[in-house]
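Undergrad: Protein chains in written order, with the working numbering: chain A, 2 to 140; chain B, 2 to 140; chain C, 2 to 140; chain D, 2 to 140.
Hints may contain errors.
Unchecked claim - Below, computed lysine-lysine pairings styled on DSSO-like, alpha-carbon distance capped at 30 Å: (1) K108/B - K93/C; (2) K49/B - K129/B; (3) K82/B - K4/D; (4) K49/D - K4/B; (5) K108/A - K72/D; (6) K82/C - K108/B; (7) K15/B - K82/D; (8) K4/B - K15/B; (9) K129/B - K72/C; (10) K82/C - K49/C; (11) K72/B - K129/C; (12) K72/C - K15/A; (13) K82/C - K72/C; (14) K126/A - K15/D; (15) K4/A - K49/C; (16) K108/B - K15/B; (17) K108/A - K93/D; (18) K72/C - K4/C; (19) K108/C - K15/A; (20) K72/D - K136/A; (21) K107/D - K49/B; (22) K49/D - K93/A; (23) K82/D - K82/B; (24) K126/B - K82/C; (25) K107/B - K93/C; (26) K49/A - K4/A; (27) K82/C - K49/A.
Because the hints were derived from the structure by calculation, they are not lab data. None of these values were measured; they are calculated from a predicted model.
4 protein chains.
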Amino acid sequence: MEKNGYSIFESELKVRPDDIDMFNHVHNSKYFDYVLAARYDQMEQFYKMPMESFLSSGFGWVVRTAHVDFKRALVMGDTIKVRTGILTINEKGCRVQFEIENIRTKKIASDGWFDYVLIDISTGKGSKVNAEMIKAYSI
Amino acid sequence: MEKNGYSIFESELKVRPDDIDMFNHVHNSKYFDYVLAARYDQMEQFYKMPMESFLSSGFGWVVRTAHVDFKRALVMGDTIKVRTGILTINEKGCRVQFEIENIRTKKIASDGWFDYVLIDISTGKGSKVNAEMIKAYSI
Amino acid sequence: MEKNGYSIFESELKVRPDDIDMFNHVHNSKYFDYVLAARYDQMEQFYKMPMESFLSSGFGWVVRTAHVDFKRALVMGDTIKVRTGILTINEKGCRVQFEIENIRTKKIASDGWFDYVLIDISTGKGSKVNAEMIKAYSI
Amino acid sequence: MEKNGYSIFESELKVRPDDIDMFNHVHNSKYFDYVLAARYDQMEQFYKMPMESFLSSGFGWVVRTAHVDFKRALVMGDTIKVRTGILTINEKGCRVQFEIENIRTKKIASDGWFDYVLIDISTGKGSKVNAEMIKAYSI
Chain A
2 MEKNGYSIFE SELKVRPDDI DMFNHVHNSK YFDYVLAARY DQMEQFYKMP MESFLSSGFG
62 WVVRTAHVDF KRALVMGDTI KVRTGILTIN EKGCRVQFEI ENIRTKKIAS DGWFDYVLID
122 ISTGKGSKVN AEMIKAYSI
Chain B
2 MEKNGYSIFE SELKVRPDDI DMFNHVHNSK YFDYVLAARY DQMEQFYKMP MESFLSSGFG
62 WVVRTAHVDF KRALVMGDTI KVRTGILTIN EKGCRVQFEI ENIRTKKIAS DGWFDYVLID
122 ISTGKGSKVN AEMIKAYSI
Chain C
2 MEKNGYSIFE SELKVRPDDI DMFNHVHNSK YFDYVLAARY DQMEQFYKMP MESFLSSGFG
62 WVVRTAHVDF KRALVMGDTI KVRTGILTIN EKGCRVQFEI ENIRTKKIAS DGWFDYVLID
122 ISTGKGSKVN AEMIKAYSI
Chain D
2 MEKNGYSIFE SELKVRPDDI DMFNHVHNSK YFDYVLAARY DQMEQFYKMP MESFLSSGFG
62 WVVRTAHVDF KRALVMGDTI KVRTGILTIN EKGCRVQFEI ENIRTKKIAS DGWFDYVLID
122 ISTGKGSKVN AEMIKAYSI
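Work out the full structure: start from the sequences and follow the hints.
TA: Shown next, in the form of structure tokens:
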């Protein structure tokens with residue numbers, strides 16, 4: 002992952018049997034779910050701004066663009082470390098980089114980045130990321 | 002399926018690749034999703050009471066008990082007919098029977114029933130099924 | 002859960018954001034996945050007969066019937082204990098009871114049972130559960 | 002979508018209730034599943050080289066990189082057209098562009114591209130795309 006001023010956080014997850022596809026690998030779309038799950042966890046645990054607090058104030062973070070590299074397949078029984086960190090953040094949104102490490106092999110299974118924008122839940126339209134939010138994420 | 006006074010409706014669905022599991026069969030939990038998808042479709046199309054109209058009036062149908070028999074595996078590429086019909090309905094809720102036919106083999110892949118109760122979305126508590134709703138479903 | 006001669010095992014799982022449905026609850030079909038995930042874990046950890054060893058010897062356990070009671074909704078952020086235990090086992094298959102406890106509320110979110118049969122992977126047909134397997138599960 | 006010498010094919014899909022997330026939108030990872038489903042369908046229907054024929058000859062296409070733009074949310078009840086086409090293909094793999102049109106709004110819900118490589122199922126290693134395969138996809 003790119004090192005910059007922002008912290009990188011890590012969450013641990015275990016592959017579930019329903020994540021496995023016809024190739025006996027974790028299905029591509031599940032990597033997505035793993036990163037989102039890690040990010041939710043980290044919003045609450047490290048940034049002290051859980052998704053629930055955004056939702057209750059009428060906002061939500063949604064993915065605008067996703068870029069995922071699949072490097073090595075994950076299989077049944079694997080446990081993973083999902084690391085994420087902010088690449089850039091401004092009033093328009095933020096780019097979050099991630100990598101997924103397979104604990105069994107110590108190798109990177111996948112990496113990439115997600116662009117998030119903030120939306121107003123009631124209208125579904127984009128909303129400015131305010132200074133307080135930017136500060137909370139700038140750790 | 003048990004024949005009684007209530008209509009039996011049918012919806013067609015195609016198995017998606019992400020429904021396939023490590024045995025190269027449709028994963029057990031997806032049968033559930035197929036029946037719920039068919040039921041939504043049928044609430045709108047045949048009963049003229051789409052889930053959205055329940056939601057917008059503050060109510061929702063939720064599953065209280067599910068009983069599913071898996072008779073024959075579904076595989077990649079299969080298309081299915083999902084038939085559902087009311088078994089019983091009263092102010093406490095309704096029991097819906099279903100069967101899933103594999104169009105390729107003309108055999109029953111799965112059958113069973115779901116008990117639904119009506120909840121008040123704001124409180125999450127159970128709510129009475131009123132006479133108008135019972136009438137709408139008694140076709 | 003029913004107490005009988007068989008052990009009851011417990012696995013811990015965390016709800017993932019992709020498990021949440023339009024009612025802001027865990028989607029019904031995911032309870033299924035939770036029980037299967039716990040069972041896989043327990044086959045390996047406690048029975049010392051992981052699903053992989055069945056698969057490599059040409060056999061697999063598949064669900065024949067599922068019966069699930071949904072008692073209380075699970076929501077975003079919940080962590081659960083999934084307990085399972087054998088109710089009956091013989092050469093035709095086994096019935097596994099389960100219950101899911103919400104760690105946050107200490108209440109039962111769901112309980113029920115699954116009937117499993119053993120299949121020969123190459124033919125897809127049912128196969129006898131042999132004495133060695135029955136013994137391994139009779140702890 | 003970029004027009005080039007290659008054909009663009011279209012498949013129709015209906016959003017399933019289990020695709021809907023806590024924001025009452027189709028969950029991000031499901032777009033992935035929609036494109037894969039469309040691609041499978043099109044491999045069989047238009048290229049006359051279904052995934053099953055690759056699998057039975059010991060090969061499989063796997064996603065190496067995915068790039069997905071989410072432009073407008075899909076909601077419960079939506080039906081979509083998934084269009085895909087080859088951007089580039091050579092012995093190392095192929096890049097497939099896609100776009101998802103919401104039939105209700107006639108607007109693009111998502112677009113992007115996937116890089117696929119061919120793997121030898123038995124070893125899991127990459128394999129050359131041979132001239133016959135390149136020809137079959139060059140329509």
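Undergrad: Next, verify each hint and record whether it holds.
TA: Right, here's what the structure says about each hint:
no. : hint           : result
1   : K108/B - K93/C : holds, 23 Å
2   : K49/B - K129/B : holds, 20 Å
3   : K82/B - K4/D   : violated, 37 Å
4   : K49/D - K4/B   : violated, 43 Å
5   : K108/A - K72/D : violated, 33 Å
6   : K82/C - K108/B : violated, 38 Å
7   : K15/B - K82/D  : holds, 15 Å
8   : K4/B - K15/B   : holds, 26 Å
9   : K129/B - K72/C : holds, 18 Å
10  : K82/C - K49/C  : holds, 20 Å
11  : K72/B - K129/C : holds, 18 Å
12  : K72/C - K15/A  : holds, 26 Å
13  : K82/C - K72/C  : holds, 15 Å
14  : K126/A - K15/D : holds, 24 Å
15  : K4/A - K49/C   : violated, 43 Å
16  : K108/B - K15/B : holds, 16 Å
17  : K108/A - K93/D : holds, 23 Å
18  : K72/C - K4/C   : holds, 20 Å
19  : K108/C - K15/A : holds, 24 Å
20  : K72/D - K136/A : holds, 27 Å
21  : K107/D - K49/B : holds, 25 Å
22  : K49/D - K93/A  : violated, 45 Å
23  : K82/D - K82/B  : holds, 22 Å
24  : K126/B - K82/C : holds, 24 Å
25  : K107/B - K93/C : holds, 27 Å
26  : K49/A - K4/A   : holds, 22 Å
27  : K82/C - K49/A  : holds, 26 Å
Checked against the numbered hints above, the structure breaks hints 3, 4, 5, 6, 15, 22 and satisfies the rest.
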